[in-house]
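S.K.: Just need the whole structure built from these sequences, with the hints factored in.
Chain residues, written in single-letter form:
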Amino acid sequence: MEYFFELFLGGLTRGSIYALIALGYTMVYGIIELINFAHGEIYMIGAFTALIVASLLTMAGMDGMAVLALSMVVAIIYAGAYGFTIEKIAYKPLRQAPRLSPLISAIGMSIFLQNYVLLAQTSDFLPFPSLIPEFSFMEPYEHVFSSSELVIVVVTAVSMLVLTYLIKFTKMGKAMRASAQDRTMAMLAGINVNRIISTTFIIGSTLAAVGGVLIASHIGQINFYIGFIAGIKAFTAAVLGGIGSIPGAVLGSLVLGWTESFATGYVSSDYEDVFAFTLLVLILIFRPAGILGKTKTQKV
Amino acid sequence: MKNLKQSILISLWFIFLTFPLMVIRVNTVEQEVEWRWMNMAFIGVGTFVCSYIWRYLMARKEKGGNEEESKISWHQTLTTEKKYAIPAAALILVIAFIFPHIVTEYRINTMISALIYVVLGLGLNIVVGLAGLLDLGYVAFYAVGAYSYALLNHHFGLSFWACLPLGALLGAFFGILLGIPVLRLRGDYLAIVTLGFGEIIRLILENWNEFSFGPSGIANISNPTFFGQEISRSGGILFIYYLMIALVIFTIFVVNRLQNSRLGRSWVALREDEIACQAMGIDRMKTKLAAFALGATWAGMVGVIFAAKTSFINPASFTFLESAIILSIVVLGGMGSILGVILAAFVLILLPEELRAFSEYRMLIFGASMVLMMVFRPQGIIANVRRSYEYHGLDRAEEAK
Numbered sequence: 269m270e271y272f273f274e275l276f277l278g279g280l281t282r283g284s285i286y287a288l289i290a291l292g293y294t295m296v297y298g299i300i301e302l303i304n305f306a307h308g309e310i311y312m313i314g315a316f317t318a319l320i321v322a323s324l325l326t327m328a329g330m331d332g333m334a335v336l337a338l339s340m341v342v343a344i345i346y347a348g349a350y351g352f353t354i355e356k357i358a359y360k361p362l363r364q365a366p367r368l369s370p371l372i373s374a375i376g377m378s379i380f381l382q383n384y385v386l387l388a389q390t391s392d393f394l395p396f397p398s399l400i401p402e403f404s405f406m407e408p409y410e411h412v413f414s415s416s417e418l419v420i421v422v423v424t425a426v427s428m429l430v431l432t433y434l435i436k437f438t439k440m441g442k443a444m445r446a447s448a449q450d451r452t453m454a455m456l457a458g459i460n461v462n463r464i465i466s467t468t469f470i471i472g473s474t475l476a477a478v479g480g481v482l483i484a485s486h487i488g489q490i491n492f493y494i495g496f497i498a499g500i501k502a503f504t505a506a507v508l509g510g511i512g513s514i515p516g517a518v519l520g521s522l523v524l525g526w527t528e529s530f531a532t533g534y535v536s537s538d539y540e541d542v543f544a545f546t547l548l549v550l551i552l553i554f555r556p557a558g559i560l561g562k563t564k565t566q567k568v
Numbered sequence: 430m431k432n433l434k435q436s437i438l439i440s441l442w443f444i445f446l447t448f449p450l451m452v453i454r455v456n457t458v459e460q461e462v463e464w465r466w467m468n469m470a471f472i473g474v475g476t477f478v479c480s481y482i483w484r485y486l487m488a489r490k491e492k493g494g495n496e497e498e499s500k501i502s503w504h505q506t507l508t509t510e511k512k513y514a515i516p517a518a519a520l521i522l523v524i525a526f527i528f529p530h531i532v533t534e535y536r537i538n539t540m541i542s543a544l545i546y547v548v549l550g551l552g553l554n555i556v557v558g559l560a561g562l563l564d565l566g567y568v569a570f571y572a573v574g575a576y577s578y579a580l581l582n583h584h585f586g587l588s589f590w591a592c593l594p595l596g597a598l599l600g601a602f603f604g605i606l607l608g609i610p611v612l613r614l615r616g617d618y619l620a621i622v623t624l625g626f627g628e629i630i631r632l633i634l635e636n637w638n639e640f641s642f643g644p645s646g647i648a649n650i651s652n653p654t655f656f657g658q659e660i661s662r663s664g665g666i667l668f669i670y671y672l673m674i675a676l677v678i679f680t681i682f683v684v685n686r687l688q689n690s691r692l693g694r695s696w697v698a699l700r701e702d703e704i705a706c707q708a709m710g711i712d713r714m715k716t717k718l719a720a721f722a723l724g725a726t727w728a729g730m731v732g733v734i735f736a737a738k739t740s741f742i743n744p745a746s747f748t749f750l751e752s753a754i755i756l757s758i759v760v761l762g763g764m765g766s767i768l769g770v771i772l773a774a775f776v777l778i779l780l781p782e783e784l785r786a787f788s789e790y791r792m793l794i795f796g797a798s799m800v801l802m803m804v805f806r807p808q809g810i811i812a813n814v815r816r817s818y819e820y821h822g823l824d825r826a827e828e829a830k
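Note that the protein sequences, when read in sequence, are chains A and B.
Be aware that the first sequence starts at 269, since it is given in the numbering used here, and climbs by one per residue.
Be aware that the second sequence starts at 430, since it is given in the numbering used here, and climbs by one per residue.
I should point out that these hints are in silico values taken from the structure, not numbers from a laboratory.
Everything numeric in this text was worked out from a predicted model, so none of it was measured.
Any given hint could turn out to be false.
One side only, chain A facing chain B, incomplete, derived with CB under 8 angstroms [said to hold, decoys possible]:
hint : residue
1    : Phe316
2    : Thr317
3    : Ala349
4    : Ile372
5    : Ser373
6    : Val422
7    : Trp526
8    : Val535
Virtual Cβ for every residue (Gly too), placed ideally from N, Cα, C.
M.R.: In structure tokens form, the structure reads like this:
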């Protein structure tokens, strides 16, 4: 039972990690129906930026929460800027193009960004300082659930609530939902759709950066390739939960996290990714719309 | 003036954007910081120039629109008019025949890999270019072919010639196996599932040690024989070269025939409009499955040749990167265009070999050119010429008057 509980908590952390990235995917997909393959790369760039800022600050003699806060803020600003720029270059000119074009452009962008970081920085794994402080009240549980895991789970939950509020109850959220439903009609109603799409990319990228910093600090190392696998896993999670739906993305991520955790714990740890992808294939075959997704009938 | 100001702003924006990653490099172990201010200047000037080029291309794209399509291009005359097509083909054949006798063994080897990518590109072209199904796990079928030869040879001593059709069949089998569950999915889901499938195959090969010998791979795969005769090593390379030439010609022939067949046309139609296709009585699943299976067949076959060429394979040769390279060949060449895919394969595989200094930038340029191609020239280097019939009825009627 102890072992089960351990795996359960491990899966919870894992799922929360996926959820932070999956939320960005789901938002972008919800509004322009595009798999933003470069999203994982933004997560990676966020982590790299935070590492650079944190190292500079540590060398300058700062420590503790200030380093975490400052590097997080810089990472968020940069990730947002990258998300904004990527949309302008690779997706905006392709709004009217056939579906395959933006998808290929997104893959190209992802390859480009990976190699950009590889060439500008390094191909080696870099050690990432653990920025999240150890809470004293967590000490008795440290062996099963560390402070950084607690932070990740809490941040994910808060992000989901804030996002839901943003989309359900603010004017901007209303505009986002309108643009997602019918872009032309939204434009006629006086919504600046281009600005809404940019905002969506920026918010999604911001979440990816938060995820990048927390996860890198939890795992302790990064390299240019971390975004790719994380991106695919997060996308899997978003599809599992029903893409376009925010609670769905979190639920899907948790299901994926638990599946991986229990499967590696009870079956075999070599096939961790195989379980994830098999789950994705099964879900898509039996419930293409995902767990919380709505099945849309296609109109001609 | 307005353009200048805009370009300066763009350049400043990119300097800001690339600042932490391009300029600063920290060594966390030795606590050192390296400031590379030169990079900042490069980025500034580079993006300034690029913004002008971008604006020019954008303007041309908006103006150009339909003009280009009406002109008959050189490659169209070259491939359709017999007067030019036959001498051109003969010339290429002669060059291909003489080529290995005048260059070094190393060059022949790179040429063989280029030819391998030509066939892979043409195979994926069936799936992505003609049928419009984005397959990001194409390399899995390549791996299936390579491993089927390596394993059958290792365990049962089956010869190259027995494995070549077997590899093709197994490729097709796996194509159908993957196709049945996933082809019902919409385009972008399909992309991610095929990507996942490619990763599953690679992970299984890497971890199932009893079956595939894990990451250490399989060595000492026997060379092909020529009608039962053993061939020496250098002769073997020459032999594989000619084999690849023959396979490329065969592939071009088949793909060309397929393109204009009933099946090929239904692929193109399906790519353009699925609902209309169903209304016209085209079986959606069967047609898509055929595309998947036929595409995978080529990958399986080339996989066998790849295993024979290197005589050693391991899972590291079949990563997502390979799929991405093959996909960029298809995209850059022009989706659906045979000539374009062949040209793109040569350019993308041979050029980095020649320009060693640039080889580390290879993937960077691949990625960037995929984006730029989609934005400015989605039809590729050489656009696929669609068959169309023009209506001349009225002219003739007027002449008759």
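S.K.: Hint by hint, note whether the structure agrees.
M.R.: Each hint, compared with the structure:
Here the hint on Phe316 of chain A is kept, as its CB sits about 6 angstroms from the closest CB of chain B, short of 8 angstroms. Against a cut-off of 8 angstroms between C-beta atoms, the interface hint on Thr317 of chain A holds, since the closest Cβ of chain B lies about 5 angstroms away. Checking Ala349 of chain A against chain B by beta carbon gives a least distance of about 6 angstroms; that is within 8 angstroms, so the hint holds. Restraint check, Ile372 of chain A versus chain B: the minimum CB separation of about 5 angstroms is within 8 angstroms; hint holds.
For Ser373 of chain A, the interface hint holds, since its Cβ comes within 8 angstroms of a Cβ in chain B; the closest pair sits about 4 angstroms apart. Checking Val422 of chain A against chain B: minimum C-beta separation of about 28 angstroms lies over 8 angstroms; hint violated. Taking 8 angstroms as the C-beta cut-off, the interface hint given for Trp526 of chain A is violated, the closest approach to chain B being about 19 angstroms. The closest approach between the C-beta of Val535 of chain A and any C-beta of chain B is roughly 12 angstroms, which is over the 8 angstroms cut-off, so the hint fails.
Checked against the numbered hints given earlier, this structure breaks hints 6, 7, 8; the rest are met.
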